[in-house]
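Dock chain G against chain A, hints included.
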Amino acid sequence: MSERENILGRIREALKVNAPLPGWHGERSAEHLSAGDPAANARNLAARSGTASDWLPLVGASVAEQFELFAKNAADLKADFQLLASRDELKAALLKLRDAEKWRRVASHGGELTDFACKALGLPVTLTDCGYDVQEMEQCDAGITECDALIAQTGGVAVTSRSAGGRALSVLPPHHVVLARREQLVADLPAAFALLQQKYAPDFPSMISFITGPSRTGDIERILVLGAHGPKKLTILCV
Amino acid sequence: MSTFVSDFKTRATEKAGDLRHRQVIRTALRGYEIVRDKRKAAFQSWESARQAAAETKWEAVNHLDKHLEALTAKLEARGTKVHWASTGEQAREIIAQILRDKKARCIIKSKSMTSEEIHLNHALEKEGFTVVESDLGEFIVQLRHEPPYHLVFPSMHLTRGEIKDLFQKELGDAPSDAPEELTMVARRVMRQKYIQADVGFTGANFAIAETGMISITENEGNARLTAALPKTMVTLIGIEKVLPRFADLALFLPMLATAGAGQPMTCYNTMYSGPRQPGECDGPEEWHVVLLDNRRTELLADAEQRDALHCIRCGACLNVCPIFRNVGGHTYGTTYSGPVGAVITPHLRGLQEWKHLSNASSLCGACTEACPVKIDLHHHLLQNRRNASASEPAFFERLAYQIFGIVANEPAFWSLAKKLGWLTQPLQKVVKGSALDPARAWTKTRDLPAQPRESFKDWWRNRK
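Sequence lines, in order, name chains A and G.
Each residue of the first sequence is one higher than the one before, counting from 21 in our numbering.
Each residue of the second sequence is one higher than the one before, counting from 3 in our numbering.
With the rest of the complex left out, here is chain A (with noise of 0.2 angstroms):
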């Protein structure tokens, strides 16, 4: 017998005592075991009332409290957050980043806003989409990414393998530079993991990443450093 058999036997055998249900510190006892009836535990367990949204930290209806709230996380979160009104808002905000930070040579992928930036920024590109050499990416300077969602909630964005460049794109430069359309604001996260659902289910992409802030660590003294392993800077530029 495989040990797939041999755990998967021992987890049926173990199953066939009936668990407590949940929440009931310190007062167990037989009514409050679940008795072997699989229907009273569903009803139990849809009792409680509300969802996810109803519990997790409040956010506003309107776009505006959204984008407000958006601000107030990333900020807080030492990430960068700039809404633009245009085009041309973008390319100035990334010509500035440019000429900030002295960049030499970015790291992309193809897709509708990145195109346009590589395009205004007129640097060296390291494109992904057919493929890159890692020790080229590891030199950029950036990363520039589209991305799937901002979620108001937490201040940060979800990104996958298929809509930003891969895995390594928004990780291995120090400098993770995000372009997001105003209309991928989502409220919050519950809101993003169904957004992601609709969008790809089935066929998810091999990885989505909902990253929150730039990289950080407090292993040393609990003392906050940012740029642990991944981008040392997070700017998200929304249009």
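Mixed in with the good hints there might be a few duds.
[Claimed, not checked] Computed footprint of chain A on chain G; a stretch qualifies when at least three of its residues, placed anywhere within it, have a C-beta under 8 angstroms from a C-beta of chain A:
1) 50–56
2) 176–190
3) 252–258
4) 284–297
5) 347–356
6) 416–427
It should be emphasised that the hints constitute simulated quantities derived from the structure, not laboratory data.
Cβ atoms here follow ideal geometry from the backbone N, Cα and C, with glycine treated the same way.
Frame of chain A; chain G shown alone:
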């Protein structure tokens, strides 16, 4: 007395008296409760979220067989190789065989407590593989040849000065003791390792049955790089980490971050559903997922304590535990320390040898209150005490309580005992804390309270 007990007692005595150690831990945890409570308060209802999380985990664990089958089918459909291991030894052999097949030399590893549980690094190094821990805290304790001090903060017992000296000695590179500069040293060392490594190894925080995904939570980006650059990826995961649905993560990810470190969200929460897929530009060509039992099914079989498998390893119960804060993480001598370690270790490694951990608790219940998935931790400690004494009664303890019972039930004996107490108390002061003192376990570091001049009974009789 087993060596586990005596080692625990020796280390606990030493650490509890080590004021420097206590200062370091206090500094490290100073801000934790404040930021965590601020984050909890930001929830519209943290209590409802806890209840929902507990119920979701209950559902997952109580239908574990179905969820594991669904998870496996989904993973395999996308080209992932799924392995099952009943024991740590089997898991080590599966992983070593993958490395041998790949002719791998260097393995870059992101944080995984499950790999600590099966002593993976040691086994792989013995076979000649180079294993590099990429999480900063894990990297630091690896350089010190030490196990992690805490589930989430592996190097919280070290000061920046100690880390500077360590880097100077082991890496020859430590410009100053500033955390920023020390972190950059590790960043420089690690960058090339990601690129050169043949295999990337990760742990996992959750597995999603519905969509066949593994979810990894981290702040540094080291797991992201580990899962992006090497050609082969190996993930080790305990069978209890399953969640039923993709959408469940919308609740669990912020709760893990809040309970674990007082963050709204951990920096990177990443779901992997396969190796590199057609049309994708990077990622591993092969992905192996190893599902580990290692006596988790024994805990599953104990219906009373089954909820201990709900644990998401956030470390909240360690952070608030007065015992953990005084004796420290290494004192436990277990992979999983603190209250949750005290509950599960007797199941994973033997009740009689690890029953002493059930007494490493003040039963204050701070752990139970802190747990985001409502594991009934302090009651489980009591249940472990009960189970341990039922399967192997402690003769002297039982005798002592029997004698106390007789004395306390018989007024004549009781007043005799009081008189004896009066007579022997001055004597106790002379032998206090020495080998002759019957109460020395208590009096070595404390004073025995003086017996009052007048007992309640005397006062009652003599009152006007």
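Going down the list of hints, with the structure as the test:
| no. | hint | result |
| --- | --- | --- |
| 1 | 50–56 | holds (count 5) |
| 2 | 176–190 | holds (count 7) |
| 3 | 252–258 | holds (count 4) |
| 4 | 284–297 | holds (count 4) |
| 5 | 347–356 | violated (count 0) |
| 6 | 416–427 | violated (count 0) |
Of the numbered hints given earlier, the model fails hints 5 and 6; all others are met.
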